[in-house]
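Protein chains in written order, with the working numbering: chain A, 1 to 172; chain B, 173 to 450.
In short, the hints are calculated from the structure, not lab data. Hints may contain errors.
[As the list claims (entries may be wrong)] What follows is a list of derived Cβ distance ranges for each label pair:
no.: 1; chain 1: A; residue 1: 19; chain 2: B; residue 2: 246; range: 38 to 44 Å
no.: 2; chain 1: A; residue 1: 13; chain 2: B; residue 2: 362; range: 56 to 62 Å
no.: 3; chain 1: A; residue 1: 143; chain 2: B; residue 2: 445; range: 55 to 61 Å
no.: 4; chain 1: A; residue 1: 100; chain 2: B; residue 2: 199; range: 39 to 45 Å
[Said to hold, decoys possible] Covered stretches of chain B, going by a simulated chain A footprint (3 or more residues, C-beta under 8 Å):
no.: 5; segment: 208-219
no.: 6; segment: 301-313
[To be verified] Residues from chain A that keep clear of chain B, each with C-beta distances beyond 12 Å, as calculated:
no.: 7; residue: 97
no.: 8; residue: 123
no.: 9; residue: 161
no.: 10; residue: 163
C-beta: ideal position from N, C-alpha, C; glycine also.
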Amino acid sequence: MINWRRWLVLVVLYLAAFLLQYGVLNNLGWGVLCPRLLLFFPVYAGVLRGALPGLGHGLFCGFLQDLVVGRFLGLNLLVWGFTGFLCGHFTKGLFKENYLIAVLSVFAVHFANCLLYALLAGLLSGSFFSMTFISKIILGGALVNCFLAPIIYVPVYRSLLYGWLRPLKKQA
Amino acid sequence: MTPNRKRLLIGGIVVVLLIGVFYLASITSTERENISKLEQILQDFLAPMQKGAKAIAANIGNWGAYLEGIDNLRSENEELRKELSNLRLQLVQIEEYKLENERLSELLNVVDDYTAKFDYVTTSVINREPSEWYKQMTINGGSKDGFAPGMPVICAQGLVGRIISTSEYNSTVLLLTDRSGAVSAMVQNTRTIGVVEGDGETDNLSMIHVPYDAEIENYQQVLTSGYGGIYPQGLLVGYINNIDLQSDGLMLNIDVRSYVDFAHLEEVIVLMPKNRRN
């Protein structure tokens with residue numbers, strides 16, 4: 001049975017994050033200090049639900065970015081899918097009630113995303129970004145996203161356990 | 173199916189998908205004549221929100237500037253007055269050159285193909301920094317307004333870049349400062365040809381492929397050369413800020429500065445070929 005309420009909430013959350021990110025925040029001129037709201041979907045799906053949901057959300061978020069700002073169609077899809085999967089894989093046995101897990105996961109995924117994207121984009125275009133530039137993007141994004149991580153994590157975690165985002169239990 | 177075979181099958185599918193995505197990514201780099209319908213719809217859908225956000229950001233910026241104090245404005249005003257007096261002197265000289273040029277052109281029967289070939293379409297910038305990785309921006313107006321990939325984009329201070337993709341109502345402009353935004357250029361006084369390219373990370377430009385014995389000096393103007401077929405000849409790119417000899421001693425490292433403030437662009441002009449519009 002499909003949990004329609006959960007899907008509806010997810011669609012609304014995606015739409016809100018997407019519009020806020022690319023309609024508003026990206027246009028305020030904050031540069032590397034602009035929050036990456038879509039990053040929280042694959043990270044929290046990976047941390048709280050496992051590697052495959054992390055992969056799924058990562059692929060979808062990456063695809064959305066490719067459509068709006070991607071220079072190489074499919075590259076964000078690949079990078080975000082991969083890092084979402086890794087996030088779920090490496091946080092499998094961890095205690096999820098610790099907010100530090102959320103902050104560290106967001107930092108690690110953001111870091112891996114940026115490095116991987118820079119590397120693959122460099123390979124595809126034939127010219128690589130400088131480490132200074134990559135560090136600037138990593139540090140700027142890490143600062144903002146790690147600050148937001150626990151603020152977003154709490155309601156998501158509660159909703160996944162007791163609220164509208166709770167998946168249906170499989171019948172025995 | 174045995175677990176080993178299943179694993180092999182999944183591995184095979186993943187490898188094929190990876191190759192497919194890499195192939196797609198490599199064929200969709202930088203300039204695409206047509207972007208997909210889905211991309212067009214999303215970009216057009218976001219445009220009104222981006223315009224609103226830009227207006228809000230501009231208001232916040234105005235308040236910030238006001239609060240920063242009048243002292244900055246005073247010193248800036250002083251600087252601008254000095255610059256203005258210098259420019260007035262230059263203007264007189266340029267006027268002289270212009271008249272001389274007109275006389276010579278009449279003699280040679282040369283038509284000013286600049287204004288004859290292009291329509292100047294002024295439009296506004298919707299989004300100055302859609303991606304942190306690349307130097308590009310979104311402008312108002314797309315394929316419905318006659319914009320197409322390859323059209324040069326300028327502003328009053330000089331060359332800005334070129335359109336790389338269009339949706340119905342918006343266009344993406346690749347800035348001159350991007351790593352893929354290189355342009356064939358020449359030094360105005362000496363007609364020395366080179367390539368001006370950005371580093372993609374700052375707004376600095378450099379002119380490359382200029383031999384060590386080129387007779388160029390600081391503060392000379394750099395214009396587009398017209399070679400390459402994208403930009404017409406004579407668009408202002410910037411001025412020479414510094415000249416160094418490369419370590420091999422064969423070529424020059426030329427630091428070029430653009431007059432354009434890429435971070436605060438509000439309006440730009442798209443050069444639209446006349447035959448295309450008609």
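We went through each hint and held it up to the structure:
1. A:19 - B:246: 38 to 44 Å: 42 Å, holds
2. A:13 - B:362: 56 to 62 Å: 60 Å, holds
3. A:143 - B:445: 55 to 61 Å: Given range 55 to 61 Å: violated, Cβ gap about 46 Å.
4. A:100 - B:199: 39 to 45 Å: Cβ of residue 100 (chain A) to Cβ of residue 199 (chain B): about 43 Å, so the range 39 to 45 Å holds.
5. 208-219: Our answer is that it holds, as 6 residues pass the Cβ test (under 8 Å) against chain A, meeting three.
6. 301-313: Satisfied; 6 residues make the cut.
7. 97: Its Cβ never comes within 12 Å of chain B, the nearest being 33 Å, so this holds.
8. 123: 9 Å, violated
9. 161: 31 Å, holds
10. 163: 28 Å, holds
The structure is inconsistent with the numbered hints 3 and 8, although it conforms to all the rest.
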